[in-house]
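Read top to bottom, the protein sequences are chains A and B.
Our numbering puts the first residue of the first sequence at 1, with every later residue one more than the last.
Our numbering puts the first residue of the second sequence at 1, with every later residue one more than the last.
Keep in mind the hints are simulated off the structure, nothing from the lab.
Honestly, I wouldn't trust all of these hints.
[As the list claims (entries may be wrong)] Computed list of lysine-lysine pairs in DSSO-like fashion (alpha-carbon distance at most 27 Å, straight line):
hint, chain 1, residue 1, chain 2, residue 2
1, B, Lys14, A, Lys3
2, B, Lys14, B, Lys71
3, A, Lys38, B, Lys101
4, A, Lys114, A, Lys70
5, A, Lys38, B, Lys14
6, B, Lys57, A, Lys3
7, B, Lys71, B, Lys101
8, A, Lys38, B, Lys57
9, A, Lys70, B, Lys57
Nothing here was measured: the structure is a model prediction, and the numbers come from that model.
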Amino acid sequence: AQKVTQAQTEISVVEKEDVTLDCVYETRDTTYYLFWYKQPPSGELVFLIRRNSFDEQNEISGRYSWNFQKSTSSFNFTITASQVVDSAVYFCALSERNAGNMLTFGGGTRLMVKP
Amino acid sequence: DGGITQSPKYLFRKEGQNVTLSCEQNLNHDAMYWYRQDPGQGLRLIYYSQIVNDFQKGDIAEGYSVSREKKESFPLTVTSAQKNPTAFYLCATTYSATNEKLFFGSGTQLSVL
């Protein structure tokens with residue numbers, strides 16, 4: 001069965017610090033997809049990234065970067081030079097090839113960025 | 001504006017009462033989903049529908065019911081059989097069920113009086 005673990009339930013940083021959110025997953029499928037979503041205080045989840053299991057290239061988008069390592073079953077998310085607007089709950093999620101869009105979510109990491 | 005509209009934003013249920021959460025979308029997406037979010041936990045799938053007039057149970061369907069009579073609408077009823085309904089409910093859609101990203105509504109907070 002698929003499983004996603006986000007061991008950090010809450011992280012607090014000061015603005016401009018770098019912060020990494022950890023995500024570890026379990027799956028028996030060789031083809032799967034990993035996602036990160038951001039949930040600001042408004043409640044709506046916002047899509048950040050999707051990565052398939054065959055693409056281990058790291059990705060950078062502005063201050064955001066993702067490190068996918070199949071060897072350790074991890075898909076970590078780093079925010080560089082954090083800002084107060086980054087404060088939110090971040091979810092990592094996994095879907096398997098044959099599961100359509102049946103996402104399994106991790107428990108989420110609440111990030112608080114203080115000015 | 002294109003998007004997903006969930007209503008109401010806050011809902012209170014009395015014991016023994018059924019309540020219905022609305023989810024409407026104008027994105028022309030085929031698939032729609034209902035998730036439940038409890039404090040400090042991830043989202044869990046309640047029901048999903050890939051086409052009109054068809055829907056499937058998710059991981060925690062007991063005590064809930066849905067209908068999909070129109071492509072745009074996927075209402076969720078929380079029945080009296082759901083003994084612990086207090087949670088944040090999120091509706092999501094996607095163009096098709098092919099591991100694409102989900103688009104989410106802004107959610108409904110359901111509380112028990």
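Hint check:
no.: 1; hint: B:Lys14 to A:Lys3; in the structure: 35 Å, violated
no.: 2; hint: B:Lys14 to B:Lys71; in the structure: 30 Å, violated
no.: 3; hint: A:Lys38 to B:Lys101; in the structure: 13 Å, holds
no.: 4; hint: A:Lys114 to A:Lys70; in the structure: 33 Å, violated
no.: 5; hint: A:Lys38 to B:Lys14; in the structure: 32 Å, violated
no.: 6; hint: B:Lys57 to A:Lys3; in the structure: 19 Å, holds
no.: 7; hint: B:Lys71 to B:Lys101; in the structure: 19 Å, holds
no.: 8; hint: A:Lys38 to B:Lys57; in the structure: 26 Å, holds
no.: 9; hint: A:Lys70 to B:Lys57; in the structure: 31 Å, violated
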